[in-house]
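Enquirer: Residue-level listing of the chains:
Number of protein chains: 4
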Amino acid sequence: MTVTPEQQAEIDALRAEAVPTLRVVAPGMESVLHTAFPVLDHGFIRVVDYMGDDAAVVQAARVSYGRGTRRVNEDRGLINYLMRHRHTTPFEMCEIKLHVKLPIFVARQWIRHRTANVNEYSARYSILDREFYVPAPDQVAAQSTSNRQGRDQVLPPDQAGQVLDMLRDDARRAYDNYRHMLNEADDGTPVDPARDGLARELARMNLTLNYYTQWYWKTDLHNLLHFLSLRADPHAQYEIRVYADAMMDVVHRWVPLVAAAFEEYRLGGAHLSRSALHVVRRMLAGEQLLREDSGMSAREWRELMDLLGREA
Amino acid sequence: MTVTPEQQAEIDALRAEAVPTLRVVAPGMESVLHTAFPVLDHGFIRVVDYMGDDAAVVQAARVSYGRGTRRVNEDRGLINYLMRHRHTTPFEMCEIKLHVKLPIFVARQWIRHRTANVNEYSARYSILDREFYVPAPDQVAAQSTSNRQGRDQVLPPDQAGQVLDMLRDDARRAYDNYRHMLNEADDGTPVDPARDGLARELARMNLTLNYYTQWYWKTDLHNLLHFLSLRADPHAQYEIRVYADAMMDVVHRWVPLVAAAFEEYRLGGAHLSRSALHVVRRMLAGEQLLREDSGMSAREWRELMDLLGREA
Amino acid sequence: MTVTPEQQAEIDALRAEAVPTLRVVAPGMESVLHTAFPVLDHGFIRVVDYMGDDAAVVQAARVSYGRGTRRVNEDRGLINYLMRHRHTTPFEMCEIKLHVKLPIFVARQWIRHRTANVNEYSARYSILDREFYVPAPDQVAAQSTSNRQGRDQVLPPDQAGQVLDMLRDDARRAYDNYRHMLNEADDGTPVDPARDGLARELARMNLTLNYYTQWYWKTDLHNLLHFLSLRADPHAQYEIRVYADAMMDVVHRWVPLVAAAFEEYRLGGAHLSRSALHVVRRMLAGEQLLREDSGMSAREWRELMDLLGREA
Amino acid sequence: MTVTPEQQAEIDALRAEAVPTLRVVAPGMESVLHTAFPVLDHGFIRVVDYMGDDAAVVQAARVSYGRGTRRVNEDRGLINYLMRHRHTTPFEMCEIKLHVKLPIFVARQWIRHRTANVNEYSARYSILDREFYVPAPDQVAAQSTSNRQGRDQVLPPDQAGQVLDMLRDDARRAYDNYRHMLNEADDGTPVDPARDGLARELARMNLTLNYYTQWYWKTDLHNLLHFLSLRADPHAQYEIRVYADAMMDVVHRWVPLVAAAFEEYRLGGAHLSRSALHVVRRMLAGEQLLREDSGMSAREWRELMDLLGREA
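Protein chains in written order, with UniProt numbering: chain A, 1 to 312; chain U, 1 to 312; chain C, 1 to 312; chain Y, 1 to 312.
Looking at chain A on its own, in the form it has when it is part of the complex (with noise of 0.2 Å):
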């Protein structure tokens, strides 16, 4: 289960009535405010608060050009600039804050980011549900031969079958012991009253890295574009990248401009080398180059002519 049936009533509670304010209201976030994104088998992303939109950008960048700009640029035009020329600090002043249900394996990727606030639930204060991620079988796959830190070709079913069993079995049987060493029923009494409860800060250790936790993160939108920028790229691990996805999804809704200027300036866009500036220049120029002229790794080579549409 993603959602418990308490939190979906809190969250109909929280949509059913708007108040009026004066600040800026950006109308497609309002549009999914509060609600949950499902991702993974029990995670989800939900956007909890926000503050400023696509013009919130552009009022920043214009204190810093003051009276220079009254003539000035359309919206549009300003926020392509900004973003092509990297003057990061105007899209600081969005902000962003998600409720966000993930594997303990991935908020210890996601927590690297460290421009960030976040609390995140406690196991030294509470007890944890038993709520564990096993990857569907079409994400269970090798070890990648060429990558050392990615994956390759799913694996076969019987295989896959044996793999998810195991990762099963283990998450049952911690989260089991978990809660007979913590000796607390739901109700806050114990089990057996015979026997004492290990402190839960102690407890916690026996469970596997696939349990879910969750945490509020608040970040600036210029840090949370960096974040995706990493997570929602081919090399990250999937399960992180299904959560960028989502958030890549909502920041459209947000600043839909500068979302359409992100995947066109950074996104959608490849940072070359000096040595691959000068091979394109030569190849633009008729020059017939071989890879032993360009100065460049056969790796490098190769990952230019992907990029260019060649054979390497």
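Hints in this document: simulated from the structure, not taken from any laboratory. From the three backbone atoms N, C-alpha and C, an ideal C-beta is built for every residue, glycine too.
Here are a few chain U residues that sit away from chain C, every Cβ distance over 10 Å (derived from the structure): (1) Val24; (2) Asp41; (3) His42; (4) Ala246.
Below, a sample of chain U positions facing chain A; criterion: calculated Cβ distance under 8 Å: (5) Leu14; (6) His34; (7) Met51; (8) Ala60; (9) Val63; (10) Thr89; (11) Pro90; (12) Val118; (13) Tyr121; (14) Gln214; (15) Asp220.
Take the given structure of chain A and dock chains U, C and Y to it, following the hints.
Expert: The following block gives chains U, C and Y in isolation, referenced to the frame of chain A:
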């Protein structure tokens, strides 16, 4: 002039029409949103946007405490608990965006607070206005002899008058020459068609440090309170303290429970050193204690006696 | 095993030969550089590099004070002054880099300190060792009833034994299955050539939270002290506190004057709230004060009386 | 004067005697440690301390890759790989501390890089020296008409001369009046015993923005490179770019492999937008492409053609 007629018209327009939102609204904050509060002779602060309220702090804290807190705590009690035990992350879940107009020498102190987002008016790009800070006569004070970085008694009227004249004359001449070097009228045309205008990024170096600049400044509530604990302090320079005081008023309107907890547990309290704590214990036990037996320096002893309301 | 023979050989080699430098050297730190200090059953901390010493703090503070301080202060006095008045930036001028081996659930607390640089062993890329944390029997404690996030008295031996068996069994099974899914021998060849190995980034999710990980962690002295003020505290979980204690020993060797000032003005002291300060003043004035007249809650009153060495 | 005789004597003393250390030593850095490199008319940068070298980056990266990398990579290849794929955390494992003397208007740009530690000379506490920046005649340039925040051709000698006279006169008068208001001789006694001296924190506001200040500035290698990518760029203002250029020289001495990778993969390369990438692909496929068909603005098209070494 603190706010230009154009700015006032913009503020009036922004305050004219409320729109519905599903977000949390802080009524006290809505009542002052966009309004400019004057500070010093030409400066101001105005809240441009905000996210969250007292309840948002509580909500974030309860994510951490999860099912453990079902029965729970009244909000005020939880906020006091968080403040008292320096559980700071829930306070990071509220955000504020201010528009501030302030002298450059104040901006230089302010910017040392790094955990914030800033967009400043760019004098590379635009022309600064002819507005500079001159202290009120009752702020024209002598160098403190006891505190190398403070001020002392007010100067006699004739000396103060001379200082003010000097500050005004130098600031005006600096500005006149700045505009002369720029050679640009307000409408952008050259004043003297026979001369080139000096680049703005160069001409600005002729201005004095009391010229006003402006910025958008965005930070979270935890970092705002940290700013206030340092800058609303009697040791802070008067010219930044008045900004801190104005922001403290805003905090009271925005998050009244947090503001009260902050005054009770931070601003109004005091940190005792290990030695000071021993002294207090011994005094409470009835001991007649001399400074010499305390292990404290004369200065620390005097400060402690002050704090305890006793003669040193 | 805490340190592998390979690691010990590397440490010995690193300690074998000193080279000349024009940088500041902290003799106490040199004496322990590279050495692994055991923590918990398989963990350690070791200093890999450092920058600065007590004098570097003083030097940075004096940049700020410039020509004004020519006559000046003895180093100890200045360091005490900086610590007492929370002038934190000079302490940021020293830096330390540690190699730490620690259980994952401890790493999850540790990483919440954001102002640090981290490179962690990647289980997407490499295979984790079969090393997990199991508490010593005298640490197998019951859930505290007074403090929802703490532990209380030690469990009776038979119950503790059952807990330890459970933790060990589950950790071992999780690891065996992890390696089974990976299907990779230590030399990188498949164990069972008829099967594919599951991608490492997936298989790792089967491990329990007490498995050890490793990282390089680098931070400045100010942020290190902030870490210690939170984690060397009795309210911190034992399993992170022992790391903090080991780091506190390192700080004493590295910057003895700073360490002493930190214990006098931070660790060993206490913060009084506004109400607590009023209570102390009135008690010192001879008033017989009751809790009811103090404006403090029962819990705060009890804590204050504890602090003052009096009965509640 | 860039360096005072006292400073030079201190530098000579610091360079006179090497002491043994067990830390990593970067020989190229040792050769310039403490030495002041002049920048602008009175400024300088000097390295005060450092931590790490090229090998420290590799070492940190290999922690991440653990046992997987036993066989592995030559250092240069790994550093190139990290730079190319923006694996930034290993570069954070090196640290540098600089002493910088710079004009206040440059300091105001510099301080916007927030991930650094700073101790600045305090004009609340001490008296600033009579040193201000005046551009060399070949830097006295007109406002750019194409770029609102840049400069263009150099002014004719007579106009430049007038500008320089004006800058010098205003700076001198500002300083004279600053000292008059302070009423304090270099030895601390009053110049005119009949007058009080104005508080330093106030008097400083009379100085112009080209006065020199000083600070200690400490940052990690990743953030230093980010600073350089923005400030060693042709779009950066000349007066900060010369500092960045001097720092780039230091980086070459300190971490030559990282410096080379940075120039190959960052400084010397270029980012193509999605549209630009399509254009390049189509041109390489032999298509005669017009700007109108590219989806790019005239400005972007011109910049792309420049980059590719073709006529627009």
